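2 protein chains.
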Amino acid sequence: MESELIEHLRRRIPSHPRLRLGLGDDAAVLRMGDIDECVMTVDLLTDGVDFELGKVDPRRVGRKALAVNLSDLAAMAALPLAGVVALALPRRGGLDLAIALYEGLLPLAEEYELAIAGGDTNSWDGPLAISITLMGKSAAEDGALRRDGALPGDKIIVTGRFGGSILSHQFDFDPRVREAILLNERYRLHAGIDVSDGLAIDLAHIAKESGCGAVLDLDAVPVAEDAKRLAVQLGDGRSALEHALGDGEDFELILAVPADEAARMLEDQPLDVLLTAVGEFAGEPGLWQTDSRKGKRRLEPGGWEHKFD
Amino acid sequence: MESELIEHLRRRIPSHPRLRLGLGDDAAVLRMGDIDECVMTVDLLTDGVDFELGKVDPRRVGRKALAVNLSDLAAMAALPLAGVVALALPRRGGLDLAIALYEGLLPLAEEYELAIAGGDTNSWDGPLAISITLMGKSAAEDGALRRDGALPGDKIIVTGRFGGSILSHQFDFDPRVREAILLNERYRLHAGIDVSDGLAIDLAHIAKESGCGAVLDLDAVPVAEDAKRLAVQLGDGRSALEHALGDGEDFELILAVPADEAARMLEDQPLDVLLTAVGEFAGEPGLWQTDSRKGKRRLEPGGWEHKFD
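Chains A and R, in that order, are what the protein sequence lines are. Using our numbering, you'd call the opening residue of the first sequence number 712 and step up by one each time. Using our numbering, you'd call the opening residue of the second sequence number 712 and step up by one each time.
FYI, nobody ran anything at the bench for these hints, they're computed from the structure. Just so it is clear, the structure is predicted and the values come from calculations on it, not from any experiment. It is possible that some hints are incorrect.
Claimed, not checked - Restraint-style ranges between C-beta atoms, simulated for each label pair:
no., chain 1, residue 1, chain 2, residue 2, range
1, A, Arg940, R, Asp836, 40 to 50 Å
2, A, Leu878, R, Gly744, 37 to 47 Å
3, A, Glu1011, R, Arg803, 20 to 30 Å
4, A, Gly744, R, Arg899, 20 to 30 Å
5, R, Glu1011, A, Asp983, 36 to 46 Å
6, R, Gly744, A, Pro725, 20 to 30 Å
7, A, Leu893, R, Lys766, 33 to 43 Å
8, A, Asp983, R, Arg803, 43 to 53 Å
9, A, Pro981, R, Val767, 49 to 59 Å
To be verified - Lysine to aspartate or glutamate pairs mimicking DMTMM-like chemistry, simulated, CA-CA at most 20 Å apart:
no., chain 1, residue 1, chain 2, residue 2
10, R, Lys766, A, Asp836
11, A, Lys766, R, Asp836
12, R, Lys919, R, Glu763
13, A, Lys1005, A, Asp928
To be verified - Counterexamples of contact, computed for chain R against chain A with all Cβ distances above 12 Å:
no., residue
14, Glu713
15, Val796
16, Ala799
17, Gly805
18, Ile810
19, Glu814
20, Glu821
21, His901
22, Val934
23, Glu995
24, Gln1000
25, Ser1003
26, Lys1007
Beta carbons are placed, not taken as given, at the ideal position from N, Cα and C, and that holds for glycine.
Chain A on its own, in the form it takes in the complex:
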């Protein structure tokens, strides 16, 4: 499992004076020249896992491949600067596919004033794999937003709504770059992550990295319309709320915000997208759920992780 590999590598990879924050966060933070907080992130998407090429316009795949990387920068409240694109293309139709992928990603790059600096284009007998690396820089004076700064008593604040991303949001989402930068400028944020694996598991990630626990208030979770639609469509007994907790690929932000700042933020509602308090971080480790009916109890995170045999 990916977490096992990260644990292994954390022991194995030596610390480096240039590296301020290494493996295990949404992106790495480096000293580069006079940029104290240069943020570097990579995401590789593959056919059959992150998309199914036969079922989706490749332009949406190209857009998504860039958007998930921008979402990682958003999780660090970092400003996108430059990126490179590596493609492993199936031989048949590879050139047209590459052109379509770039057609999907270039408008998003322009929207975020991101310089597409280069790439590497390969053909092979395997399916499509697309890897994008982005450089950004911390937009705030007090540095990049990390996963490991949440404190007991911090409110859990989320952007947007959750669940049912498979119906379209997983391709067409807006990475919360501008939102994260604005919030990080105007409010004191302790920690942040973007929701790729799932609301519950990504909340557990913040809590674990911060050495604390988290209590999720189920009554407060903003459930997306698509989560409700998906629950009805599937009719397998999983509720819209369960989809909101576990589907993942919402690419919204989870933030750890001191209580007074959170109150101000919720009062201000400074974004176009809704900000909601969905619980708080706690001293007791682990992930917990609570609601008006059953009270506080453990929450099994579920969600997504790459499985190896």
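Starting from the known structure of chain A, fit chain R onto it as the hints suggest.
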């Protein structure tokens, strides 16, 4: 073909004030903070094209994946700073494979004081793909070495020997990072490239990007022992020289050097590895060969390019 895609993208990707050198060179050059010449490069290697996982120790694959990227930085005479690693792993044995890949690349990273800043590790039903992105910075005051600066009359200087890389050099080569930085500091270099596709085709790349031609002196080409061995082993009528011109993956440097500087450089021989003059750049476009027997004539570059259907 990759060159078609690059031509397409050069028209399509807008210029960006941050981007000093975009698609088509060994790496991109960016302004980042006070680093005027930040160099960014990506290479993606795939099973069945760049290596065959059943036939080679995965540690050598990991080492190669990093070394080819370091070689791209060498081609820019850039100092390596930081890198990220993206893996698409087959599900069966994925974790062990990932660990072996890192075991191969980490010692090389340490040797070059490169910070491995992060990565993305995925499993899928496809074969292994490994994509590494490196950041570096120009080590010289007059900036990164590019492909497009060769002038007619410049000598073609190469490091090392060529051909037969498939016998071992393609995995175990030393990227010419230190050599490129030293040469770029001590001598006036007009252009440079590393030989991945093949001596002839990569020489043609420099000439084309520089808007000039190149005449390769066949009698002067330093032929590797492995090229001679391979010619004998295969016994298909291809000479050791032909292997030297076309095999590729030598990861040596081709440099365009003004004649007086070239003379000084060859006299000095400042490297542990041999420097050889193998011809000169010329006003007449195209790639030419010459030797003592037949005189000057066209040279078809051959070599490697990713083919699409």
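Results for each hint:
1. A:Arg940 <-> R:Asp836: 40 to 50 Å: At roughly 29 Å between Cβ atoms, Asp836 (chain R) and Arg940 (chain A) fall outside 40 to 50 Å, so the hint is violated.
2. A:Leu878 <-> R:Gly744: 37 to 47 Å: Check passed, 41 Å falls within 37 to 47 Å.
3. A:Glu1011 <-> R:Arg803: 20 to 30 Å: Holds, since Glu1011 (chain A) and Arg803 (chain R) (Cβ atoms, about 27 Å apart) stay within the stated range.
4. A:Gly744 <-> R:Arg899: 20 to 30 Å: Distance hint for Gly744 (chain A), Arg899 (chain R) holds at roughly 25 Å.
5. R:Glu1011 <-> A:Asp983: 36 to 46 Å: The hint (36 to 46 Å, Cβ to Cβ) is violated, given that Glu1011 (chain R) and Asp983 (chain A) are roughly 59 Å apart.
6. R:Gly744 <-> A:Pro725: 20 to 30 Å: 25 Å, holds
7. A:Leu893 <-> R:Lys766: 33 to 43 Å: 53 Å, violated
8. A:Asp983 <-> R:Arg803: 43 to 53 Å: Roughly 46 Å apart at Cβ, these two residues keep to the hinted range, so it holds.
9. A:Pro981 <-> R:Val767: 49 to 59 Å: 55 Å, holds
10. R:Lys766 <-> A:Asp836: 17 Å, holds
11. A:Lys766 <-> R:Asp836: Distance ~17 Å between Lys766 (chain A) and Asp836 (chain R) Cα, so the pair holds.
12. R:Lys919 <-> R:Glu763: 33 Å, violated
13. A:Lys1005 <-> A:Asp928: 11 Å, holds
14. Glu713: 5 Å, violated
15. Val796: 8 Å, violated
16. Ala799: It is violated; Ala799 (chain R) is separated from chain A by about 5 Å at its closest Cβ, not greater than 12 Å.
17. Gly805: 4 Å, violated
18. Ile810: Check fails; 6 Å does not lie beyond 12 Å.
19. Glu814: At roughly 8 Å from the nearest Cβ of chain A, Glu814 (chain R) sits no farther out than 12 Å, so the non-interface label is violated.
20. Glu821: Incorrect as stated: the minimum Cβ-Cβ distance to chain A is 7 Å, not above 12 Å.
21. His901: About 22 Å separates His901 (chain R) from the closest Cβ of chain A, which puts it past 12 Å; holds.
22. Val934: About 29 Å separates Val934 (chain R) from the closest Cβ of chain A, which puts it past 12 Å; holds.
23. Glu995: Consistent with the label, Glu995 (chain R) stays out of reach of chain A, its closest Cβ about 30 Å off (over 12 Å).
24. Gln1000: Consistent with the label, Gln1000 (chain R) stays out of reach of chain A, its closest Cβ about 29 Å off (over 12 Å).
25. Ser1003: 40 Å, holds
26. Lys1007: Given that every Cβ of chain A is farther than 12 Å from that of Lys1007 (chain R), nearest at about 34 Å, it holds.
Comparing the model with each numbered hint stated earlier shows that hints 1, 5, 7, 12, 14, 15, 16, 17, 18, 19 and 20 do not hold.
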